[in-house]
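Sequences are here, hints too, so could you generate the full structure?
Protein chains: 8
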Amino acid sequence: MKVYLSGEIHTDWRDQIVEDAAGLDVTFSAPVTDHDASDDCGVAIMGAEDSKFWHDHKGAKLNAIRTRKAITDADIVVVRFGEKYKQWNAAFDAGFAAALGKSLIVMHGAEHQHPLKEVDAAALAVVETPQQVVEILRYVRDGTLPA
Amino acid sequence: MKVYLSGEIHTDWRDQIVEDAAGLDVTFSAPVTDHDASDDCGVAIMGAEDSKFWHDHKGAKLNAIRTRKAITDADIVVVRFGEKYKQWNAAFDAGFAAALGKSLIVMHGAEHQHPLKEVDAAALAVVETPQQVVEILRYVRDGTLPA
Amino acid sequence: MKVYLSGEIHTDWRDQIVEDAAGLDVTFSAPVTDHDASDDCGVAIMGAEDSKFWHDHKGAKLNAIRTRKAITDADIVVVRFGEKYKQWNAAFDAGFAAALGKSLIVMHGAEHQHPLKEVDAAALAVVETPQQVVEILRYVRDGTLPA
Amino acid sequence: MKVYLSGEIHTDWRDQIVEDAAGLDVTFSAPVTDHDASDDCGVAIMGAEDSKFWHDHKGAKLNAIRTRKAITDADIVVVRFGEKYKQWNAAFDAGFAAALGKSLIVMHGAEHQHPLKEVDAAALAVVETPQQVVEILRYVRDGTLPA
Amino acid sequence: MKVYLSGEIHTDWRDQIVEDAAGLDVTFSAPVTDHDASDDCGVAIMGAEDSKFWHDHKGAKLNAIRTRKAITDADIVVVRFGEKYKQWNAAFDAGFAAALGKSLIVMHGAEHQHPLKEVDAAALAVVETPQQVVEILRYVRDGTLPA
Amino acid sequence: MKVYLSGEIHTDWRDQIVEDAAGLDVTFSAPVTDHDASDDCGVAIMGAEDSKFWHDHKGAKLNAIRTRKAITDADIVVVRFGEKYKQWNAAFDAGFAAALGKSLIVMHGAEHQHPLKEVDAAALAVVETPQQVVEILRYVRDGTLPA
Amino acid sequence: MKVYLSGEIHTDWRDQIVEDAAGLDVTFSAPVTDHDASDDCGVAIMGAEDSKFWHDHKGAKLNAIRTRKAITDADIVVVRFGEKYKQWNAAFDAGFAAALGKSLIVMHGAEHQHPLKEVDAAALAVVETPQQVVEILRYVRDGTLPA
Amino acid sequence: MKVYLSGEIHTDWRDQIVEDAAGLDVTFSAPVTDHDASDDCGVAIMGAEDSKFWHDHKGAKLNAIRTRKAITDADIVVVRFGEKYKQWNAAFDAGFAAALGKSLIVMHGAEHQHPLKEVDAAALAVVETPQQVVEILRYVRDGTLPA
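Residue numbers (our numbering), protein chains in the order written: chain A, 1 to 147; chain B, 1 to 147; chain C, 1 to 147; chain D, 1 to 147; chain E, 1 to 147; chain F, 1 to 147; chain G, 1 to 147; chain H, 1 to 147.
Hint data in this document are derived by calculation from the structure and do not stem from the laboratory. There's no promise every hint is true.
Here are the simulated DSS-like pairs of lysine-lysine, each with C-alpha atoms no more than 27 Å apart in a straight line [what the hints assert, rightly or not]:
{"hint": "1", "chain 1": "E", "residue 1": "K84", "chain 2": "F", "residue 2": "K2"}
{"hint": "2", "chain 1": "C", "residue 1": "K84", "chain 2": "D", "residue 2": "K86"}
{"hint": "3", "chain 1": "F", "residue 1": "K86", "chain 2": "E", "residue 2": "K52"}
{"hint": "4", "chain 1": "D", "residue 1": "K2", "chain 2": "A", "residue 2": "K69"}
{"hint": "5", "chain 1": "H", "residue 1": "K86", "chain 2": "G", "residue 2": "K86"}
{"hint": "6", "chain 1": "G", "residue 1": "K2", "chain 2": "C", "residue 2": "K2"}
{"hint": "7", "chain 1": "D", "residue 1": "K52", "chain 2": "D", "residue 2": "K86"}
{"hint": "8", "chain 1": "D", "residue 1": "K69", "chain 2": "D", "residue 2": "K86"}
{"hint": "9", "chain 1": "E", "residue 1": "K86", "chain 2": "E", "residue 2": "K69"}
{"hint": "10", "chain 1": "C", "residue 1": "K84", "chain 2": "B", "residue 2": "K2"}
{"hint": "11", "chain 1": "H", "residue 1": "K69", "chain 2": "A", "residue 2": "K69"}
{"hint": "12", "chain 1": "E", "residue 1": "K2", "chain 2": "B", "residue 2": "K2"}
{"hint": "13", "chain 1": "H", "residue 1": "K52", "chain 2": "G", "residue 2": "K52"}
{"hint": "14", "chain 1": "C", "residue 1": "K52", "chain 2": "F", "residue 2": "K52"}
{"hint": "15", "chain 1": "F", "residue 1": "K84", "chain 2": "E", "residue 2": "K86"}
{"hint": "16", "chain 1": "C", "residue 1": "K52", "chain 2": "D", "residue 2": "K84"}
{"hint": "17", "chain 1": "H", "residue 1": "K84", "chain 2": "A", "residue 2": "K69"}
{"hint": "18", "chain 1": "H", "residue 1": "K69", "chain 2": "D", "residue 2": "K69"}
{"hint": "19", "chain 1": "F", "residue 1": "K86", "chain 2": "D", "residue 2": "K2"}
{"hint": "20", "chain 1": "F", "residue 1": "K2", "chain 2": "H", "residue 2": "K2"}
{"hint": "21", "chain 1": "D", "residue 1": "K69", "chain 2": "A", "residue 2": "K2"}
{"hint": "22", "chain 1": "A", "residue 1": "K52", "chain 2": "G", "residue 2": "K52"}
{"hint": "23", "chain 1": "E", "residue 1": "K52", "chain 2": "E", "residue 2": "K86"}
{"hint": "24", "chain 1": "D", "residue 1": "K52", "chain 2": "C", "residue 2": "K69"}
{"hint": "25", "chain 1": "B", "residue 1": "K84", "chain 2": "A", "residue 2": "K52"}
{"hint": "26", "chain 1": "E", "residue 1": "K69", "chain 2": "G", "residue 2": "K2"}
{"hint": "27", "chain 1": "B", "residue 1": "K69", "chain 2": "C", "residue 2": "K2"}
Restraint ranges, calculated between C-beta atoms of paired labels, are given here [stated by the list, open to error]:
{"hint": "28", "chain 1": "C", "residue 1": "D36", "chain 2": "D", "residue 2": "Q131", "range": "31 to 39 Å"}
{"hint": "29", "chain 1": "A", "residue 1": "A110", "chain 2": "B", "residue 2": "G47", "range": "17 to 25 Å"}
{"hint": "30", "chain 1": "D", "residue 1": "E128", "chain 2": "C", "residue 2": "E128", "range": "52 to 60 Å"}
{"hint": "31", "chain 1": "E", "residue 1": "T11", "chain 2": "D", "residue 2": "Q16", "range": "47 to 55 Å"}
{"hint": "32", "chain 1": "F", "residue 1": "A110", "chain 2": "D", "residue 2": "Q131", "range": "44 to 52 Å"}
{"hint": "33", "chain 1": "E", "residue 1": "T11", "chain 2": "C", "residue 2": "G109", "range": "49 to 57 Å"}
{"hint": "34", "chain 1": "E", "residue 1": "G23", "chain 2": "C", "residue 2": "E128", "range": "38 to 46 Å"}
{"hint": "35", "chain 1": "F", "residue 1": "H10", "chain 2": "H", "residue 2": "D20", "range": "30 to 38 Å"}
Note that CB positions come from ideal geometry on N, CA and C, so glycine has one too.
Written out as structure tokens, the structure is:
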């Protein structure tokens, strides 16, 4: 079972999931989570740009090579929305995954319930914690529920 | 040529586009832009819910019937990000459209350039004004540029 | 907007919907609702069978020509489960429609809620009456809610 | 060869198939067959619901994560209809599999022949026993018939 | 409803169908049925070939432009096998249509039942006469059976 | 590289290809080539039929489970037409493979050139001998030509 | 029948085809053939760029909105290679059309035969003149050959 | 991660990439780069042709068996345009890959920027050297940037 972990990159939620899922027959993938590398990869490899727009554009396209493959290969796409930032790329990934018919799990706090209602409506599960994600993966994979 | 106008519903940008495009052989579609109707349609038709989550859930799914058809039928999807709110549904629509191979035009102000870089990277055009959208539609349709 | 009305053929729910939806820009399709014709069409055209299995088989395949086209062409598939009979063809249509990414509306009484939970989970709306179906179609099409 | 075993979960037909197929190069998958876990998985992981509808809804969606992947990955989908219950989820799976072009094998007793005629018409084989399923798998895989 | 009439071109079966179907809301398409034009179209337009293989190749490819579009656009593909010739192009069309999920109606005499069993197995109806084809189209379209 | 060997089952052409291709990184699949088993598999497993049509029908559908998977999984489909019989199933397989975008290699003697022109026109190679098939596979796989 | 006329924009070959095809039931589409408009459309609408790369990039993407729709909607894609320039966009269009399964007609002079062999190999017709294109369209549409 | 290296075959750019990428979890594929074998493979295996067109045609189709599989299997398609020759097959591959939604990396010198603008506009990265390709693959795979 292949699971892509999309969205917020400033907390360690991916590590928690991977750790908790030890022993489960699941392969995880993720975007590049080094914020600076992710922002600057385009110009670092293909040359500097004067304009911030093209600087970002080159980087975002490089990251898309990774992201598109990961979503396309995944059985399940988990998208986490954190407390800060616009996170439009997370919602974009969710839409992309939904259009491909991937199973979508959305993770966010209660404070974001209303603005995420369209994203949640496309999901097969809406959760708040990494532990719940792992419980779902364990149930889906092995049929066992938390004690 | 079918064009879906997704995103921000608090200003009259759709009206401006439709008006400016008078005479062009283009058919526009849009989400329901009456905010209250959009929020409450689910419970209004299918019965009240105690929980805000399910209240919103029922509404978001009804709106998805309209949105999915409009995006699927469209040749071009225009997504506008305004100055306020989270607008995750706009980014979700953009991702959904991108995965279906639709031509994507993104409209937003310069202040949102960085957080929208992944969405912009999937677009065939990034603009700031409704007038630019119409100029693009006119060029794509008739081959004529603004004087 | 094309809507396929699948399922139960012993009450007049389809007539109610079509009548209530007068004036709406919606085209309805339906299976052959003449029970005897539906059961015997295969042998009536292609010759009698000794075995009930092949009698039914020939008929079911003829009906599939109509059904598959109707579902494939539809934007929305409404599936109604009535009070009697097994109605496995209704659930089959729902699964078929879901796999094609059609918007699914399921109609049934409260007494069938539990055994229909998997079908409901694939739907964008679950209702009890033909009037609700029309209210949904009107909202999705014109953005207007019942007074 | 990947085979998904859908449908009735109250008898040991899956075990019989798996046992009989020992030595065949076939991988089997199945839904969660623990009835209580299957019913309650949603609320067990994502929190209780007052309404039976949403209780079931959350569970059915979790189960869909497993089911959709299994059907999508399968070469062959076997759907068994037992003697009791509505079993609409089985018919839904059959429709879903048919729309994806999967090879469908339906298993049921003679008493259900007429109401299952549409499902049978979409199948490449209709059988009554687990032994016949294994004979088919052995023939399809190795070209050998029962003695 | 779009119907493509594939196969044998030496009898007037297509005319019989079109005539009998007068008044039905059905659009028919067919290959070029002028045998000489069909054989020589390639070299007539694109220049002579010394080799029979390339003479035929150029013609067959031109005809494929028409055939592929007709099959792709069709809801139903009727394939008739006559008494003479190899008619491998008819069987090829049947396979092509089947892979695209088109509804297949096969027409042939009893003498060809055994060698056509794989083609028949992919069909939703197997008939012997043009009249039966029209009866099917009328039933599928209007729900009425022959008196 | 996966190669499906379709068509004529009365000579040892498949064995010649497999033998000649020893050492090449290619996996071959084929239909059941035991003529009697292939004809009778349906009734042997699922019970006798009075009518030859249904006898053949049940068998042809079982064989389709194997054939469809093999063609769907294949990179290359080789279809051989022999000197005898109608071989409509071979042409059907060729059409099915073409519609799925598979690379098609057709093998037949010069005497069948004209009636196979439509099938040949869909092929990427037309050959006469098993040795040529292996030379093609070797070239496509390793880039080496026959000395 | 929808035909997209791709490639060389410096001679009047499109006009010749459209004129010759008068009376045929064919709808033609084409890229913007005003060279300056095509080159500068991006910056004319979305603002100037210092770098020639981004100047061209913005324009090429706008043109892609038109081109992708035209190819996607077309039944037949005609690609003409002229005597001058690199014309990589023409070959790109041919590849794009081929991958979508469109019927491809390639037009070029004998001097380009060798370097266009891969493109020609994907085509259903290879011609030298606009007249031949129209003769093909007339044959494919009406079954009539040039006198 | 599977990467197809398309285009120019007269310099050692593929070797440089493969060498630089040692240790990366990437599988490379390529066309047959022996120019003479690539030109003559068709006639070498399937017999001589008098006409240069059909000589080339047979070869181009054999090469297409390899090329189509490689592009279809690839996650990333790198297309290099060199300094000489028409290289229309490279642009064709780029269009083919783009239509399949593959991630496209284009490599060429500055002198070809303008005529390649449509190809570049479909790419997720445009580079000049093999080293940049490997830096991209390393970043996409491992998230590490060049020091």
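Hints versus structure:
Proximity of K84/E to K2/F is assessed by CA-CA distance (about 36 Å); at most 27 Å being required, the pair is judged violated. In summary, the hint linking K84/C to K86/D is supported, as the alpha carbons are separated by about 11 Å, within the 27 Å threshold. Annotation: proposed proximity of K86/F to K52/E holds, straight-line Cα distance about 23 Å (limit 27 Å). Using a Cα cut-off of 27 Å, the hinted pair K2/D and K69/A holds, with the two alpha carbons roughly 24 Å apart.
For the hint pairing K86/H with K86/G, the CA-to-CA distance comes to about 7 Å; that is within 27 Å, so the pair holds. Proposed proximity of K2/G and K2/C is supported: the alpha carbons are some 25 Å apart, at most 27 Å. Of the pairs offered as hints, the one joining K52/D and K86/D holds, with about 18 Å between alpha carbons and a cut-off of 27 Å not exceeded. For the given pair, K69/D sits about 24 Å from K86/D by alpha-carbon distance, which is consistent with the 27 Å threshold.
Between K86/E and K69/E, the direct Cα distance comes to roughly 24 Å. Compliance with the 27 Å bound is thereby established for this hinted pair. Between K84/C and K2/B, the direct Cα distance comes to roughly 44 Å. Violation of the 27 Å bound is thereby established for this hinted pair. With a CA separation close to 18 Å, the supplied pair K69/H and K69/A stays within the 27 Å bound. A threshold of 27 Å between alpha carbons decides the hint, and for K2/E with K2/B the separation of about 25 Å falls inside it, so the pair holds.
For the hint linking K52/H to K52/G, the alpha-carbon distance of about 41 Å lies beyond 27 Å, and the restraint is violated. Of the pairs offered as hints, the one joining K52/C and K52/F holds, with about 17 Å between alpha carbons and a cut-off of 27 Å not exceeded. Pair hint K84/F plus K86/E holds up; C-alpha atoms about 11 Å apart against a cutoff of 27 Å. Of the pairs offered as hints, the one joining K52/C and K84/D holds, with about 23 Å between alpha carbons and a cut-off of 27 Å not exceeded.
This hinted pair does not check out: K84/H and K69/A have alpha carbons roughly 33 Å apart, beyond 27 Å. A threshold of 27 Å between alpha carbons decides the hint, and for K69/H with K69/D the separation of about 25 Å falls inside it, so the pair holds. Between K86/F and K2/D, the direct Cα distance comes to roughly 33 Å. Violation of the 27 Å bound is thereby established for this hinted pair. Between K2/F and K2/H, the direct Cα distance comes to roughly 17 Å. Compliance with the 27 Å bound is thereby established for this hinted pair.
Between K69/D and K2/A the alpha-carbon distance is near 11 Å, which keeps this suggested pair within the 27 Å criterion. Taking the CA atoms of K52/A and K52/G, the gap is about 17 Å. The hint holds against a cut of 27 Å. Simply put, K52/E and K86/E have alpha-carbon atoms about 18 Å apart, close enough for the 27 Å limit, and the pair holds. Straight-line distance between C-alpha atoms of K52/D and K69/C comes to about 36 Å, which puts the hinted pair past the 27 Å bound.
A distance of roughly 23 Å separates the Cα atoms of K84/B and K52/A; the hinted pair therefore holds under the 27 Å criterion. In summary, the hint linking K69/E to K2/G is supported, as the alpha carbons are separated by about 11 Å, within the 27 Å threshold. Between K69/B and K2/C the alpha-carbon distance is near 11 Å, which keeps this suggested pair within the 27 Å criterion. Look at D36/C against Q131/D: about 37 Å separates their beta carbons, and that is inside 31 to 39 Å.
For A110/A and G47/B, the Cβ-Cβ distance of about 23 Å falls inside the hinted range of 17 to 25 Å, so the restraint holds. Judged by the Cβ atoms, the range 52 to 60 Å given for E128/D and E128/C is violated: they are separated by roughly 37 Å. Roughly 53 Å separates the CB atoms of T11/E and Q16/D, a value that falls within the hinted 47 to 55 Å. Between A110/F and Q131/D the beta carbon distance is about 49 Å. The supplied range of 44 to 52 Å therefore holds.
Between T11/E and G109/C the C-beta distance comes to about 55 Å, which sits within the given range of 49 to 57 Å. Evaluation of the 38 to 46 Å hint for G23/E and E128/C yields a pass: the beta carbon distance comes to about 40 Å. Checked against the hint of 30 to 38 Å, the C-beta distance between H10/F and D20/H comes to roughly 53 Å, which is inconsistent with it.
Hints 1, 10, 13, 17, 19, 24, 30 and 35, counting from the list given before, are not met by this structure.
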